[in-house]
Amino acid sequence: MTDYLRADRGIASWLLTRDHKRIGVLFLVATGVALLVGGLFALFMRLELATPEATMIDEGSYNRLFTLHGVTMVWLFMIPAIPAGFGNFLLPIMIGAEDVAFPKLNLASFHVYVVGALVTLFGMLIGGADTGWTFYVPYAAGTPTAVIPILVGVFVLGWSSVITGLNFIVTVHTMRAEGIGWFDMPLFVWAIYATSIIQVLATPVLGMSLALVGLDAGFDLGVFDPERGGDPVLYQHLFWFYSHPAVYIMVLPAMGVVTETICTFARKNPLSYRAIAYSTLGIAFVGFLAWGHHMFTAGMSTFDAAAFGILSMLVSIFSAIKVFTWVGTLHRGAIHVSTPLAYVFAFLFLFVFGGMTGVAVATTSLDVHWHDTYFVVAHFHFIMVGGTLTAYLAALHYWFPKITGRRYSERAGLVGAVLVFVGFTTTFVPQFLLGNMGMPRRYATYPEQFAALNAMSTVGSWVLGLGLAWVLGVLAKALVAGARAGEDPWGSASFEWRTASPPPKHNFEAPPVLVGCYDYTGEADGEPEVRHA
Amino acid sequence: MKRRLHITPRTLWIAFAALLVLAAGSWASSLVPLGALAVPLGLGVAALKVAIVGLVFMDLGEHGGGVRLAAVVAPAFLALMIAFMLGDVWLR
Amino acid sequence: MEWLRELLFLPPGAGSMADDLDALHLVVIGTTMVGAAAVFAVALTSVVRWRRRRPGQRTARVTSPKAFEVGVALSLIVLFVGFWVVGYRQYVDIRRPPDDALTVHVVAKQWMWKFVGPGGRRAQGVLVVPRGRDVVLRLTSRDVIHSFFVPAFRLKQDVLPGRTTTMWFRAERAGTYPVFCAEYCGLDHSRMRAFVVALDPPAYARWLEGERVTQVAGLGARADVDVEVDSEGGEDMITRGRALASRYGCFACHTMDGQAHVGPTWRGLYGSTVQLASGETRVASDDYLTESMMEPEAQRVAGYDTVMPSYRGVLDATETAAIVELIRSLEDRGPAPAVDLPPTEVHEAAPDAGAPATRDGGTP
Amino acid sequence: MPEAATHEAHFESLERQKMAARLGTWVFLASELLLFAGLLALYASGRASHPEAFRYGVAHAMVWAGTVNTFVLLTSSFCIARAVHALRADRRRLAGALTGLTLVLAVAFLALKGYEYHHHLAHGQVPGGRSAYFVEHAELTGLPAFFTLYWITTGTHAVHVTVGAAVLAFFGLSIVRGRLRAPRAHRLEMAALYWHLVDAIWIFLWPMYYLMK
Ligand code: HEA
Ligand code: HEA
Ligand code: CUA
Ligand SMILES: [Cu+2]
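Chains as they are written, first to last, in this note's numbering: chain F, 31 to 563; chain D, 3 to 94; chain A, 1355 to 1718; chain P, 269 to 481.
Isolated chain F, as found in the complex (with noise of 0.2 Å):
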């Protein structure tokens, strides 16, 4: 049987396509270049700067910069990019399915996910809006510039992404095949469906208050006009109702990447599947009711400040179980450190420095000081850049010879993953501090006080920006010329390294075993051997 990528020829063979396989690759293309896109964003943000007054770029398009840069980041890369680009190619594998549940609203999802990312697009060409990438009211109900297609966009791509998170939900609950249970599956579908439940329920929430936002902008409607009896805070509570799970779903399937690569690599069960499998939903559910803590300084009540502190730090727990239970993996294991583990292990420490100084954000107090300075936008990069970035990272060196059937130069890998991590660090802790000095984030310009450290960011920004070419390079050369990945490079037990790579187009040829995928012990059917940390 032919693999997935020969199966069929021609342009309409991708484009229409129902495998997953092929959908989850169209995705990864897409997401790739809304990537590279953000980021030539972040790159001329950066320059700008790099000295105090407007020098290359003014301030209009400076405040258009960031909102596009932000926009494009989350919705058009990182929502989509894990769980619709890896996560539906894997997903069904995983659970020794054919294909998801409802394949033709699988590739829907993707073509809404393209008319929704076309319509931005056009938004950006005619102009772009400036309203950051949280469309407070007022003011992006009387911007002068194009807000309504972005708007129109961003709505449409959350339709692509609520479509997913169903079409996945439905297939972790139907379509295991026999034998494999709940706690049976890879911990990556875990995350997977943790981020579904997310996407289903938080983003219609954000399809109506950025339909409201159109409409005052639109029509004049006032929804949010206190002269008209509205309240603008209250936008902000609908915004972060959507925006703080969203933060989740960008950040549980980089968790659900790195408990594979992690056991992969130390050739080790996790040290608690179900302290892992709870701790995902944990997030996912807590994380609804921590939204606003983004609030504190907005006139917000007390008790609402209260509330949302307490569950702020509640679901902060589950991350950090996560986090030991990681580290405690790679105990008594057989450790190979190889490119996708490198990243796992910036990962680590990046995610736990942006996750605390997301615990101490969330402390009302120093929020109080923090709220819309850089030091907010350094935790966010530690744990967006830092974190799922650098895991996005893992996943494509680590399902490279999956999806392509060819390796890449593990030499050159590691260099690309010490050069982001370099360029990574060099931007974006200087932001800690400027932060802590007090800059506030979305400046044009700034006050000479805080222009050694943003030169120093801006120079980091360049060596991130080279070490993310870098990679780019290494893996489409191996595209081209990397040598021939047998089914299991990695000596994995996971489940989608039992069929070919690339796998053929009905996932398994013939029916498998499925069974055991994290069991490292010796013989499959000896008996294993049962020890506590």
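In case anyone wonders, no lab produced these hints; they're calculated from the structure.
Among the clues, some could well be false.
Below are the DSBU-like pairs computed for lysine-lysine, each with C-alpha atoms no more than 35 Å apart in a straight line [unchecked claim]:
id, chain 1, residue 1, chain 2, residue 2
1, P, K286, F, K134
2, F, K507, F, K535
3, F, K134, F, K507
4, P, K481, P, K381
5, F, K134, F, K535
6, F, K535, P, K381
Could you slot chains D, A and P with the ligands onto chain F? The hints should help.
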């Protein structure tokens, strides 16, 4: 494996009648000034009606964990959203 | 403490809350650093200790004891909830202004800050306050959301259209401190800056008497901020308030002599407890009065009808401030002095009085 | 040791498809409910800060129209539930007729709602609060918010009614033409579930906008 149906056409009729009675009651009660009672009464009866629609018309009792989870979690999050927003508006 | 601040690039603390907040800051960030470093260190040592020795090497199945998992989770809960307890208490202090503070009305609009201080002294781009005295800001916006941020005090408060928010501080040291707008508000958001000038009591008194702050604080040469002090200054807020109230027809329904008319009297209203139609009670604070003018229906006084129109969009913030000042002057204690002087305790003849230099806000 | 899983085409089975379709629909309904969540929460918050204006708005609603529409939707919900049972028992004529009745009721709902909208427009009760009506009621600062929310919420609901009716019309035709029979009754069931959700949301909108004075 055939699913057993507990809901019969008769059950549907009974539920329908109950809905009509409740709706008529809601409407009648709105004719008298209720003061502070209007809100809890209006929403309470509505919740009761939705429960009937969910359990009988939508056959909720028959389904597996996934369906029930969806049916419970969404209203729960809606309620929490409203609670926290009121916790802001009332107490700020 | 000071060197730790330097290490973290925190500006010297000048506000009443800064020291407490920075102490918690250090604990939390210290924990963060130690935690992240520890996790990373354990991971790295594992790589060495448990490195793969043979290609086909297998491992034993290891699971964690339940007690260990529960223990870790519990101790983290204790740690995080500890942060929350301390942080939330400080937060409440930040949000609850003390009584008897000096009130300054702040109006934000794209892209400038305006201040109306005691005695109606108006200024743009510079907020002059006495050192050592509690100051309450009542902030409102004319257009979009802004945020009043003073890094040296570690404080910030969003400024909303159609609503008055409050924030308070006490400048502990005389000096000039930058103010930034921290909520994105459009094109010149990054240039919406100002200064808080905290003056020693004698200098503050001179300012009140009409001396220009540029002279008192030596701000003349600052180019990066639009400092403009309203020269007419000193207009009596109460007189202005009375003129406005009659111009806007308030006296058609309200009296100043204690008699109820279509609406309640203003005499003795300020600071009294008002019984609302909803059954609740409210203390007639500045906030309450402002809201009564902007949204009369939101808190209707028991025994009166909903006839009072809303004055939102009619009265601007300085006018509102003037009327509030008028009503305040009708408080039981009799008319308050137009100008509250700060307590004039003489401090160790601060060498930097008037023209202080701070790391990020000093005079160039 | 768990039994070895084998790769079979068992998920092809109709039973599994039914389960998938049913779960998928319910998850979708959950999603739809949260689409309305923001509007419901805005209503709650708006009513909390402008109780008088909101009560004034409710007191001046067209109660009879809302009430009739409530009964219309309740009846339609019953009809479609009964239709599903009929189709399961392969009583296609009955199922087709009941689906048709549901459609008629849906159109009646929309027509009445349209009449009501027309009435509001004629009285200046427009979304956005820019009309003489709101100048007359200037002392009720929350009134524009009330009417804007009313229009957006009931409008969104009406869009859902329309979509639901279109889906039902499609299945109704299939039944009449004999293409949808008992073994695939779950398809009609899915459309009916959606219709019940539309009904359930109205059950809440009715007291919110017509009764709770
Ligand atoms: C993937 C994205 C992501 C993730 C996962 C998180 C995770 C968290 N975030 Fe973050 N956040 C953002 C993205 C993210 N955030 C973004 C984009 C913004 C800005 C939005 C905007 O305004 O534009 C933001 C802003 C933001 C704010 C608002 C700041 C402000 O504007 O003033 C707050 C406040 O509480 C916060 C808190 C948290 C918390 C408590 C977590 C927790 O979930 C973190 C939990 C993790 C850990 C706690 C680490 C593990 C801990 C350990 C292993 C323990 C270590 C051991 C010891 C200490 C002994 N975040
Ligand atoms: C997923 C989210 C994400 C990611 C990955 C990034 C990545 C980066 N961000 Fe972004 N950022 C946000 C989300 C993200 N950001 C958000 C939400 C905001 C808030 C916006 C707002 O205020 O509204 C923000 C704001 C923000 C600011 C603050 C602007 C301001 O407040 O004024 C800055 C400033 O330095 C910045 C910088 C950067 C930099 C240097 C990167 C770098 O990491 C970028 C590096 C990437 C490249 C240089 C591209 C190179 C890529 C390739 C060569 C292709 C490789 C492809 C493959 C391997 C397939 N970002
Ligand atoms: Cu004003 Cu930003
Ligand atoms: Cu958050």
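Against the structure, test the hints numbered earlier, and report the numbers of the ones violated in rising order.
6
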